[in-house]
Each structure stands twice: as structure tokens, then as C-alpha cells.
Amino acid sequence: MRAAHFCESCGKVQPPVPVDYFSFFGLPPRLSLDVAALEKSFYELSRKLHPDLNARAGSQEQEWSLEQSSLLNDAYRTLRDPIKRTEYLLHLEGVLLEEQSKSATEQARATGELKKQIVPPDLLEEVFELNLHLEELRMNKKMGDDDPALFEEIGKAKLSLEAKHEALLRELQTYWKEWDGLIDRGPDASTTDRQRVSGKLVDVLNRRNYIRNLVRDVNAAMEN
Amino acid sequence: MATDRIVGIDLGTTNSLVAFMQGETPVVIPGDDGLNLLPSVVALDANNQPVIGNAARNSLIETPERAVYSIKRLMGRGSEDIQEELKLFPFRLADDLQAGEVLRITLGDKTFTPPEISALILRQLKRSAERFFGGPVTKAVITVPAYFNDAQRQATKDAGRIAGLEVLRLVNEPTAASLAYGLDKKRNGIVAVYDLGGGTFDISILKLHDGIFEVIATNGDTHLGGDDIDNLLITIALDDIRGDLGIDLRRNAEAVQAIRKAVIDAKIALSSQPSVKLDIELPGNKHYLREITRNQYEQLIQPVIDRTVGPCKQAMKDANLKPEQIDEVVLVGGSTRIPKVRALVKELFHREPHTDLNPDEVVALGAAVQANILGGGSEATENMLLLDVTPLSLGIEVAGGVTDKIILRNSTIPASATQFYTTQIDGQTNVAIHVLQGERELAKDCRSLARFDLKGIPPMAAGIPRVEVKFLIDANGILHVSAREQRSGKEAEIQVQPSYGLTDEQVEGMILDSFDNAEEDFRQRQLIEARAETTTILTALEKGKKSAAWGALTTDEKKQIAKMEKSLVAVNAEQDYQAIRKAIDALNQGTMRLAELMMDTAVSSALKGKNMDETDLGEGPTAPHPMAKAEFE
Chain P
442 MRAAHFCESC GKVQPPVPVD YFSFFGLPPR LSLDVAALEK SFYELSRKLH
492 PDLNARAGSQ EQEWSLEQSS LLNDAYRTLR DPIKRTEYLL HLEGVLLEEQ
542 SKSATEQARA TGELKKQIVP PDLLEEVFEL NLHLEELRMN KKMGDDDPAL
592 FEEIGKAKLS LEAKHEALLR ELQTYWKEWD GLIDRGPDAS TTDRQRVSGK
642 LVDVLNRRNY IRNLVRDVNA AMEN
Chain D
66 MATDRIVGID LGTTNSLVAF MQGETPVVIP GDDGLNLLPS VVALDANNQP
116 VIGNAARNSL IETPERAVYS IKRLMGRGSE DIQEELKLFP FRLADDLQAG
166 EVLRITLGDK TFTPPEISAL ILRQLKRSAE RFFGGPVTKA VITVPAYFND
216 AQRQATKDAG RIAGLEVLRL VNEPTAASLA YGLDKKRNGI VAVYDLGGGT
266 FDISILKLHD GIFEVIATNG DTHLGGDDID NLLITIALDD IRGDLGIDLR
316 RNAEAVQAIR KAVIDAKIAL SSQPSVKLDI ELPGNKHYLR EITRNQYEQL
366 IQPVIDRTVG PCKQAMKDAN LKPEQIDEVV LVGGSTRIPK VRALVKELFH
416 REPHTDLNPD EVVALGAAVQ ANILGGGSEA TENMLLLDVT PLSLGIEVAG
466 GVTDKIILRN STIPASATQF YTTQIDGQTN VAIHVLQGER ELAKDCRSLA
516 RFDLKGIPPM AAGIPRVEVK FLIDANGILH VSAREQRSGK EAEIQVQPSY
566 GLTDEQVEGM ILDSFDNAEE DFRQRQLIEA RAETTTILTA LEKGKKSAAW
616 GALTTDEKKQ IAKMEKSLVA VNAEQDYQAI RKAIDALNQG TMRLAELMMD
666 TAVSSALKGK NMDETDLGEG PTAPHPMAKA EFE
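Chains as they are written, first to last, in my numbering: chain P, 442 to 665; chain D, 66 to 698.
If you are wondering where the hints come from, they were derived from the structure by calculation, not from laboratory data. Ideal Cβ placement from N, Cα and C applies to all residues, glycine included. One or more of the hints may lead you astray.
In silico lysine-lysine, BS3-like type, Cα no more than 27 Å apart, as pairs [to be verified]:
no.	chain 1	residue 1	chain 2	residue 2
1	D	378	P	453
2	D	387	P	481
3	P	489	P	525
4	D	647	P	599
5	D	382	P	597
6	D	387	P	605
7	D	647	D	628
8	D	272	P	489
9	P	597	D	387
10	D	272	P	525
11	P	525	D	382
12	P	489	D	204
13	P	481	D	175
14	D	611	P	481
15	D	382	P	599
16	D	647	P	525
17	D	535	P	489
18	P	582	D	204
19	P	582	D	378
20	P	525	D	387
21	P	605	D	382
22	D	204	P	525
23	P	618	P	481
24	P	599	D	378
25	P	453	P	489
26	P	525	D	470
27	D	204	P	453
Simulated DEER-style distance windows between Cβ atoms [said to hold, decoys possible]:
no.	chain 1	residue 1	chain 2	residue 2	range
28	D	276	P	572	49 to 59 Å
29	D	573	P	614	50 to 60 Å
30	P	499	D	489	52 to 62 Å
31	P	661	D	150	55 to 65 Å
32	D	569	P	562	35 to 45 Å
33	P	588	D	276	38 to 48 Å
34	D	164	P	469	18 to 28 Å
35	D	465	P	585	25 to 35 Å
36	D	340	P	606	48 to 58 Å
37	D	123	P	587	28 to 38 Å
38	P	661	D	509	33 to 43 Å
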């Protein structure tokens, strides 16, 4: 299953074959992933592919070792992180992440447009109030005022957001299971099913990214 | 194995060292003065010949305009980002320096780029190693601060090339230290390496797992170290002297260097003594006297050492670890001898740091370990593998002057990222790319690495070409870029304009220069050594003439010796070291019977002895510091 990164009999590094990150590790594109096993696999492959251990090989092999090992590191970095892993899978599926994704944020920044903010409906009220509080806090900072009650209020809102963030991660995992079920079914799984589940994943990721950005804003405002 | 003699080099701000794996143990190779540490000081002697190390340290005080120290601070930097440095260090930039040109430093009436000066230090270490092995050394692993950026790394690699060394790997200093520590106690766990040296600070957090040394996060400040403490003390002394004596010594390079030497000695002494007395001789037979207590000193340096706190916290945050989760802390770098620094580390990581290995040597020892791994490994390094990270995010400038990060900091290296570019105008054949390094949002706040021009894109309608650009950071932490136009499959040509740094052609030119110099150096050294031997043998001969054995020689023998003596004195005044050696050999032969007779008569002498005329230029810690009012005599 795993691509032949090195020769099984002589151990020499082979030229990289263009594969996705899952295949690089010889894994099916499942989202529930044994991170400890992935790490073990990463260490094993590093011991074969890393340039330090191929420093005395020919220049061609050294070049392959550099490419293979960068691919290995890129793949490991992406797959071990639950969010990056999900985003990567959606990218493989050809699904574009929306408003809150990194690429969308950068695109908005690059074109100088204001990023479209779609506030999840259940959060509308909370976010509205939080933004008012944050604005007030910034004003206070400017004037040199201190309002402990306000600070406490924002702290509470932050805790609530963090709880929501946790809940979303759990929700994400339920869709992982759905997705993995489709993968396990193999070719039987219909395109419609795949699209339905990937749509759910995108939705959770967007909401999660929105909340994460909010928490970041709150932290920044409280630290300053 | 003899053909693959790879040495490990710690090219430090204050001191440099070369080490080698002897059997299963890394050892430091001493210099010709017998000392392990080579001060990173370069000077030109009266004949414009470079002098390196302890010998050059004297020039710092006697002929400061012909000497330079802490050159590492200027590696890979441009003239606009060293303004702070110039205020604090006596770097004399070349008068004719053009904007955008690689820095050049004036020594006497010559100018040198920072990589060339570093190359002189490296070449000295190379020589020490060659003497140690009795054969050529051409391959090395060189350490760099973990927080060095691409330009600083490239400059270090260039220095190696100029010195005639193939740099097989640049290793991060804290990581190297962890290799040295990990050698004898192969255990698993989380280790933090706190490395405060002469000019740089690094913090690295590693996960040790069955011989794999995986860096999880690194942070630092490439302009923070013992130098900063020295400068603080120098400033105080200069202020005192100006205020109380009305003498402004700030422009008096000799005096500043004398003060610098005194405060460094004081700093060192204060790590082991409760107080120290500073007594500096000033021009006009005056003395600057001051007692500094440990307490005053610690208050004074607190702001400097506090600057290490931010990077440590950031590294822990990036590693997603709390202090309690770190199993061991290792101290590296001479400045970690300061008790206050140790206390700070203990407070930050909630545990007593390890100091079993000499903090000055541990990085070089680790470099030797890595050299051994690259050379194929041995029993001691079996299963050891270093997985390091890039300390800074790599980005490209996008519309609006914003940085788009494509490889995040703390990514394991080698690491890569692929970006796609297209054209904005019909028939456009070039695309400009600006590569940056740093964490800030705006391109102008990040470090400019290089500007690339993608050329030779086939003319097509706007937006149709699809140029794939691959950015790859290699295991040295150095960036490589390649590009391909996908629709035509044509390799796009990349023209690199490094924002700071030497071009390949410049480096090639410098390699030749250094080879020319190497021959001249070699000749000079041989001449000096030959003349020293002349002195030794002539002195011994004088002794012999006064001994009882002399009388036992025949008149003919005496005549023969006198003739040879005369010819040795004659060639000794010339420049030909080979002729001098021949004359010495002749005299040696001619006095063989005299020597035997002297031995027989138990009138032993040094006729056959070796030249023991070694001068120890080491200096012990002595004096002083500031705070209360100074005294003057």
C-alpha cells in the first residue's frame, strides 16, 4: 500500500512519486487516525529517508532523500493535526473551504476586500454583545480606565466560547466517523454521500474557525 | 574512515572551537597554544598578515583599528539593520560601502566581508585539526544559532567555503548541545536547551525518543548575549569617567578596549565572588576605581537577562507544553555561568538545570557527534537522528504588502511548500516574487530573503499560465526555489537576488584569494618557526662552547662548526625558510659529536632539545564594576 520510498532489499532512497499525504504513509484517507502509530511510522521513515543518513550516498540519491524527507515532514505535519488533516482531506475532495479558512482570509487580505463574515445564527446575539464589550475594553485601555466588571464579563464570554469550541471538535469527530464509514464501504459509497458528509465537515470547520478567531481577538484585547 | 574526516566546528561570537569524534567520545582539538578555545578575534599584523585568536586579542588594545571581534553579529546582515550594533561595537565599515552591498569591515587599510573574517577563524581551526590528524581536513559540520535566518546561515556556509571547507551540515547550536548530552544517557523525554552565549540567545525544546532528537519548538534572539552585558558595563564606566574626570574616552579606541577587557574580567569574577574591584589605568596616569557587588551587578544585568524570558515562554507555548511537562533543562553558552541566569532558568522551568558538560565546549562536542552521524555513524551514535525545525516562518509578499506564510515556524526540516502563480497582463513573461522570513503580518516588518524573477513564461493571455513554484527548506535551514510553467511544462528560469549575501561568483573569488593568502601564510609561518629553531640551536651551541666537551673536539671539527654557524646566521637573515632549515640540519649534523660528548660528560644541554619557547597568552580573571560612585586616583 505504501509508496516505495526506499528499496526494500538495499535500503537506498528512491525518487519520490507524486502521492497524497495519506498514501505516503500507506494509509487510506480516513479521518480517525491513530496519531501514536503515525508518529511511529514517521520515525521509522525518517530513519530511512533523512538527508543526514544519506549524506554519503550519490548526489542523485541525496537529492531524492531531500525531496522524500521534505514530503514526509509535510505529510506528518498535516496529518497529525486534526484540523489540518480534515482541511487537507477536503482539499483532496476538491471542496473549497469558505469564509473562515486560511486561504479565504488570505485572499481577502490580498484583494483588500473586507472578509465576508458569516456569523453562525446561534451565536448572533452572543457575538454582538461580546463585540460591544471588546470595543468598550479598548476604549477603556485608551483612556487608562480599569473596569473589573467588564473584564470579568469578557472572561465569562471567553469561557463560553471555549466550551463551544470543544463541542465543535466533538461534533467534528462524529462526522469523521461518518466519513470513515464511507471510505470503509469503498466504491459502494455514492458521490452524493461523500458530498453530503464533506459538506457537513466544511460547515463544522467554518464554525470552529469562526470561534477560534473570536477567542484570539478576545485574548489579544485582554492581554494588551 | 580516514578519507571521511569530518570535524565539528562551533563558530562562536566570542570563542570558536573544533572537535572530533575520537572513537566513541567527542573531543575538542586544541590550538597550537594548547588551548581549546580560540577567541573569535581577527587582526592584521604589521605585515598585513591575519592573526587569529589570543594573538589577535592583544591587537584589540594596541592597534584596535587593525582588529575585529564579535563578527558573528554582522553575518548575513545589511547596513540598515546594524545601526544599533555600530553604536556599541567598534566595527569600522568600509568608507566606499554602497547601499545594498554586502558589508565590508576595515582592518588597517584592507577591507573584509564578515564571511571572509569568519573564514579566517575557520581556517585557523582547520589548521589545528590538520595538525591534530597530520593530514588535510576538508569537511565540516558548523553550528549556528537556532534562531539564525536564511541569510545568516548562508553567510556561515559561505565562510566555510572560503576557508576551504565543505560544509556538510549547519546544525543549530542548542540541538548540537542536546546531542552531546544525549550521547551518554540515552533516555526519552522532553528536554529544554537554554543557550546564552556571547552574542546570541536560543531556546530549543526537544523530544527525545529512542535516539531521535526531535525539536518541537525553538525561539531566540540573535542579538542577545554576554556582549550586551559587557557593553552595559563599558557604558557605565565611560559615563563615570566623563562625568567625574571630564575625559570623553568614547572615541579613544585603545582606552575603550582596555575598559572592555577589565569589565569582562570583572563580569567573570562576579560569577564566583561576592564583589570585585575595578582598577583601570586611564590616559594621563589616572585610575578609574570602583567596587561592584554581586547584588549591584545583578540589578544591572536584570534587563538583559529578562529578554530571554519572552522567547522561552513563546517556545513553550508553541510546543504546547507547561514547565512541569519538561523533564530536563540543559544550560549552554558561557553566559549561563552567571548565577542570576541560572536562577532565572530555574524559575522559568521549575527545575534545577543540568550543567555537567562545559557550557563553552558542549556545542562543539555536539557538532562532532553530528559529523560522526553524517560520516556513517559509529557504535556511540547508532540510531541517533536529529530532526530540527525552521525557526522562522517563510512567507511571500502578496498584494497590499501582506505576508502570506507558506511554511510556518517550527516546521520540521526539510520542509516544502508549493505555490501557483499566474500573469496579470496578456503576453506577460515575467513574474516577480518576494520571499520573506518572519512572523509579522506585513512584508515590510519581515526579513527580506530574496527577490525572484520568474522569467521565460511563454506569452499567453492573462491568467492562463500556471507557474508552479516550489519552496524547499533543506536540513541546513536554507531555502531553495524551483519553478515550472505547468501548461507548457517549461522550467521557468529563476533569477535570485539575495537581499543580503554574497553571490556565488563573489564566494569563488574569495576562495581563490584565501588560497593565495594561504600560501603566503604558510611561508610566513615556516619562516617564523625556522628562525625560532635557529635561535634555539645557536643558544645551545654557545652553551656547548663553554662546556668541557668543547675542548675534546679537534681543531678541524671546531673550524667546521664555526663555518656552519656562520652560514646559518647568514641565511637566517634572508627570507628563505628552506635554506634556513638546511643550514640548521647541517649544523645539527656537524655538532653531533659535540652533543654526544656533552651527554657522555653528563653536561646535558638542549642541543637536541625542541623549541619550548611557547608563550602562554591566556589571562586569568582579575578585576571590577559600577553602581556607587567611582573613585579616581
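Do the hints match the structure? See the list:
no., hint, in the structure
1, D:378 with P:453, "violated, 41 Å"
2, D:387 with P:481, "holds, 24 Å"
3, P:489 with P:525, "holds, 25 Å"
4, D:647 with P:599, "violated, 87 Å"
5, D:382 with P:597, "holds, 23 Å"
6, D:387 with P:605, "holds, 24 Å"
7, D:647 with D:628, "holds, 14 Å"
8, D:272 with P:489, "holds, 19 Å"
9, P:597 with D:387, "holds, 24 Å"
10, D:272 with P:525, "holds, 22 Å"
11, P:525 with D:382, "holds, 19 Å"
12, P:489 with D:204, "holds, 23 Å"
13, P:481 with D:175, "violated, 56 Å"
14, D:611 with P:481, "violated, 79 Å"
15, D:382 with P:599, "holds, 19 Å"
16, D:647 with P:525, "violated, 74 Å"
17, D:535 with P:489, "holds, 23 Å"
18, P:582 with D:204, "violated, 58 Å"
19, P:582 with D:378, "holds, 25 Å"
20, P:525 with D:387, "holds, 23 Å"
21, P:605 with D:382, "holds, 22 Å"
22, D:204 with P:525, "violated, 40 Å"
23, P:618 with P:481, "holds, 23 Å"
24, P:599 with D:378, "holds, 22 Å"
25, P:453 with P:489, "holds, 8 Å"
26, P:525 with D:470, "holds, 15 Å"
27, D:204 with P:453, "holds, 23 Å"
28, D:276 with P:572: 49 to 59 Å, "holds, 52 Å"
29, D:573 with P:614: 50 to 60 Å, "holds, 57 Å"
30, P:499 with D:489: 52 to 62 Å, "violated, 42 Å"
31, P:661 with D:150: 55 to 65 Å, "violated, 32 Å"
32, D:569 with P:562: 35 to 45 Å, "violated, 59 Å"
33, P:588 with D:276: 38 to 48 Å, "violated, 55 Å"
34, D:164 with P:469: 18 to 28 Å, "violated, 57 Å"
35, D:465 with P:585: 25 to 35 Å, "holds, 33 Å"
36, D:340 with P:606: 48 to 58 Å, "holds, 55 Å"
37, D:123 with P:587: 28 to 38 Å, "violated, 59 Å"
38, P:661 with D:509: 33 to 43 Å, "violated, 21 Å"
Taken one by one, the earlier hints fail for this structure at numbers 1, 4, 13, 14, 16, 18, 22, 30, 31, 32, 33, 34, 37 and 38, listed in ascending order.
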